[in-house]
Amino acid sequence: MKPPVPQEYDQWLEQLQTVDFVLTELQLYLDTHPSDPQALQQFRAWTERRRLIAGQFEAQFGPLEATGGARSLHHWDWVESPWPWQV
Amino acid sequence: MWIYQKKLQYPVRVSQCNPRLAKYLIEQYGGADGELAAALRYLNQRYTIPDRIIGLLTDIGTEEFGHLEMIATMVYKLTKDATLEQLRDAGLGEHAADHGPALFYHNAAGVPFTATYIQAKGDPITDLYEDIAAEEKARATYQWLIDMSDDPDLNDALRFLREREVIHSQRFREAVEILKQEQQQKHFF
Numbered sequence: 001m002k003p004p005v006p007q008e009y010d011q012w013l014e015q016l017q018t019v020d021f022v023l024t025e026l027q028l029y030l031d032t033h034p035s036d037p038q039a040l041q042q043f044r045a046w047t048e049r050r051r052l053i054a055g056q057f058e059a060q061f062g063p064l065e066a067t068g069g070a071r072s073l074h075h076w077d078w079v080e081s082p083w084p085w086q087v
Numbered sequence: 001m002w003i004y005q006k007k008l009q010y011p012v013r014v015s016q017c018n019p020r021l022a023k024y025l026i027e028q029y030g031g032a033d034g035e036l037a038a039a040l041r042y043l044n045q046r047y048t049i050p051d052r053i054i055g056l057l058t059d060i061g062t063e064e065f066g067h068l069e070m071i072a073t074m075v076y077k078l079t080k081d082a083t084l085e086q087l088r089d090a091g092l093g094e095h096a097a098d099h100g101p102a103l104f105y106h107n108a109a110g111v112p113f114t115a116t117y118i119q120a121k122g123d124p125i126t127d128l129y130e131d132i133a134a135e136e137k138a139r140a141t142y143q144w145l146i147d148m149s150d151d152p153d154l155n156d157a158l159r160f161l162r163e164r165e166v167i168h169s170q171r172f173r174e175a176v177e178i179l180k181q182e183q184q185q186k187h188f189f
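Chain order of the listed sequences is E and R.
Everything in the first sequence is counted per my numbering, starting at 1 for the first residue and increasing by one.
Everything in the second sequence is counted per my numbering, starting at 1 for the first residue and increasing by one.
Just so you know, these hints were derived from the structure itself, not from any lab.
Please read all numbers here as calculations on a predicted model, not as lab measurements.
Beta carbons are placed, not taken as given, at the ideal position from N, Cα and C, and that holds for glycine.
A couple of the hints might just be wrong.
[As the list claims (entries may be wrong)] List of simulated lysine to any residue pairs, SDA-like, C-alpha gap at most 20 Å:
id, chain 1, residue 1, chain 2, residue 2
1, R, Lys7, E, Leu16
2, R, Lys7, E, Asp31
3, R, Lys80, E, Ala59
4, R, Lys6, E, Pro84
5, R, Lys80, E, Pro4
6, R, Lys7, E, Gln38
7, R, Lys6, E, Leu23
8, R, Lys6, E, Trp12
9, R, Lys80, E, Gly55
10, R, Lys80, E, Pro84
11, R, Lys23, E, Glu25
12, R, Lys7, E, Pro37
13, R, Lys80, E, Val87
14, R, Lys7, E, Asp10
15, R, Lys6, E, Gln86
16, R, Lys6, E, Leu40
17, R, Lys7, E, Glu25
18, R, Lys7, E, Gln56
19, R, Lys6, E, Gln38
20, R, Lys7, E, Gln15
21, R, Lys7, E, Tyr29
[Claimed, not checked] Chain E side only, calculated, beta carbon under 10 Å to chain R, not exhaustive:
id, residue
22, Glu14
23, Leu16
24, Gln17
25, Asp20
26, Phe21
27, Gln27
28, Asp31
29, Gln42
30, Ala45
31, Trp46
32, Pro63
33, Ala66
34, Ser72
35, His75
36, Trp78
37, Pro82
Working from the sequences, and respecting the hints, build out all of it.
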């Protein structure tokens with residue numbers, strides 16, 4: 001069993017889930033409206049917000065994707081943080 | 001290919017251990033109109049749908065796997081602290097005899113998942129109508145589940161999933177209109 005996550009974990013996770021939700025909605029819209037400049041601009045802006053929030057989340061709670069798992073040369077970060085159904 | 005993200009699409013919380021509710025929820029895991037069927041249906045239809053719709057099927061199919069993970073999380077959280085006796089009393093005795101504490105792809109009545117739940121006709125409008133119907137059936141299932149559940153935390157996540165079915169249905173309806181318009185245009189060679 002992994003140690004319990006800190007209290008701020010939920011708040012940060014929900015921020016991330018919120019920006020990702022906006023991006024998912026824009027993505028589905030753009031799939032069938034690929035030339036809508038306003039949607040494209042929104043997608044760009046929210047991608048940048050996502051980059052910042054995901055960076056802060058990963059710095060505190062570990063990698064969101066396995067490619068970020070080797071920040072330390074001593075242990076494999078990817079398997080350290082809890083899995084989604086464990087929090 | 002696919003890349004895994006270590007988070008759920010939307011938070012899943014449950015108020016208390018409730019294996020009876022888990023037994024019902026498994027309908028959306030391995031049932032006819034569940035999330036597994038949805039993901040497999042759309043991702044398989046991608047190869048023969050017109051180019052303009054491939055992106056939509058790819059991205060909705062991918063989102064369905066995220067929903068599958070949310071349902072699994074609900075079932076896991078509702079049953080992880082249950083004793084074998086509680087599982088048996090909730091009607092999960094037959095399940096436990098085969099799978100112990102593991103999840104499995106079957107419906108609420110225990111019927112194992114089958115590929116006959118999904119269709120692929122290679123006719124774009126036919127396939128998209130199938131997809132619209134699938135989303136509406138899933139939406140209706142989520143409504144039954146919400147009506148039967150007395151867990152307010154769980155219902156929050158179930159409502160999110162129900163709304164996603166509505167969005168996907170609307171996206172597929174729009175895709176049908178796009179294809180119809182394209183078919184009506186004159187083609188010059």
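Cross-check of the supplied hints:
1. Restraint check for Lys7/R and Leu16/E: satisfied, since their Cα atoms lie roughly 9 Å apart, inside the 20 Å limit.
2. A C-alpha spacing of about 24 Å is found between Lys7/R and Asp31/E, which places the hinted pair above 20 Å, so the restraint is violated.
3. A hinted pair counts as satisfied when its Cα atoms are at most 20 Å apart, and Lys80/R with Ala59/E does not qualify at roughly 30 Å.
4. Simply put, Lys6/R and Pro84/E have alpha-carbon atoms about 6 Å apart, close enough for the 20 Å limit, and the pair holds.
5. Among the hinted pairs, Lys80/R with Pro4/E is consistent with the structure: their alpha-carbon atoms are about 16 Å apart, no more than 20 Å.
6. For the proposed pair Lys7/R and Gln38/E, the alpha carbon gap of about 29 Å is over 20 Å, so the pair is violated.
7. Under the criterion of a C-alpha separation no larger than 20 Å, the hint pairing Lys6/R with Leu23/E is consistent with the structure, at around 17 Å.
8. At roughly 14 Å between alpha-carbon atoms, Lys6/R and Trp12/E fall within 20 Å of each other, so this suggested pair holds.
9. Only pairs whose Cα atoms come within 20 Å are accepted, and Lys80/R paired with Gly55/E is rejected, the gap being roughly 32 Å.
10. Among the hinted pairs, Lys80/R with Pro84/E is consistent with the structure: their alpha-carbon atoms are about 15 Å apart, no more than 20 Å.
11. Between the alpha carbons of Lys23/R and Glu25/E the distance comes to roughly 31 Å, so the proposed pair goes past 20 Å and is violated.
12. At roughly 30 Å between alpha-carbon atoms, Lys7/R and Pro37/E are farther apart than 20 Å, so this suggested pair is violated.
13. For a cut-off of 20 Å, the pair hint linking Lys80/R to Val87/E stands: about 13 Å separates their Cα positions.
14. Only pairs whose Cα atoms come within 20 Å are accepted, and Lys7/R paired with Asp10/E is accepted, the gap being roughly 11 Å.
15. Restraint check: the Cα-Cα separation between Lys6/R and Gln86/E comes to about 11 Å, which is no more than 20 Å; the hinted pair holds.
16. Proposed proximity of Lys6/R and Leu40/E is contradicted: the alpha carbons are some 27 Å apart, above 20 Å.
17. Of the supplied pair hints, the one linking Lys7/R and Glu25/E holds, its CA atoms being roughly 18 Å apart against a limit of 20 Å.
18. Taken as a hint, the Lys7/R and Gln56/E pair is honoured in the structure, with Cα atoms around 15 Å apart against an allowance of 20 Å.
19. Distance restraint check for Lys6/R and Gln38/E: the Cα-Cα separation of roughly 30 Å exceeds the 20 Å cut-off, and the hinted pair is therefore not satisfied.
20. Distance check on the hinted pair: Lys7/R and Gln15/E sit about 12 Å apart at the alpha-carbon level, within 20 Å; holds.
21. Note on Lys7/R and Tyr29/E: the hinted pairing is violated, with a Cα-Cα distance of about 23 Å set against a maximum of 20 Å.
22. Because the closest C-beta pair between Glu14/E and chain R is about 6 Å apart, less than 10 Å, the hint holds.
23. This hint holds: Leu16/E has a C-beta 7 Å from the nearest C-beta of chain R, less than the 10 Å allowed.
24. For Gln17/E, the suggested interface contact is upheld, since its CB lies about 6 Å from the closest CB of chain R, less than 10 Å.
25. With a least beta-carbon distance of about 7 Å to chain R, the hint placing Asp20/E at the interface is held under the 10 Å criterion.
26. The criterion of a C-beta within 10 Å of any C-beta in chain R is met by Phe21/E, whose closest approach is roughly 8 Å, and the hint holds.
27. Interface restraint check for Gln27/E: the shortest CB-CB distance to chain R comes to about 6 Å, inside 10 Å, so the restraint holds.
28. For Asp31/E, the suggested interface contact is upheld, since its CB lies about 4 Å from the closest CB of chain R, less than 10 Å.
29. Residue-level restraint check for Gln42/E is violated (minimum Cβ-Cβ distance to chain R is 16 Å; threshold 10 Å).
30. With a cut of 10 Å, the hint placing Ala45/E at the interface with chain R is violated, because the nearest CB-to-CB distance is about 20 Å.
31. Checking Trp46/E against chain R by beta carbon gives a least distance of about 15 Å; that is not within 10 Å, so the hint is violated.
32. Below 10 Å, beta-carbon pairs count as interface contacts, and Pro63/E has one with chain R at about 7 Å; its hint therefore holds.
33. With 10 Å as the threshold, the beta carbon of Ala66/E comes within range of chain R, its nearest partner Cβ sitting at about 7 Å, so the hint holds.
34. Checking Ser72/E against chain R: minimum C-beta separation of about 17 Å lies over 10 Å; hint violated.
35. A hinted interface residue such as His75/E counts as satisfied when its beta carbon comes closer than 10 Å to some beta carbon of chain R; here the least separation is about 16 Å, so the hint is violated.
36. For Trp78/E, the interface hint holds, the least distance from its beta-carbon to any beta-carbon of chain R being 8 Å, beneath 10 Å.
37. Checking Pro82/E against chain R by beta carbon gives a least distance of about 9 Å; that is within 10 Å, so the hint holds.
Checked against the numbered hints listed earlier, the structure breaks hints 2, 3, 6, 9, 11, 12, 16, 19, 21, 29, 30, 31, 34, 35; every other hint is satisfied.
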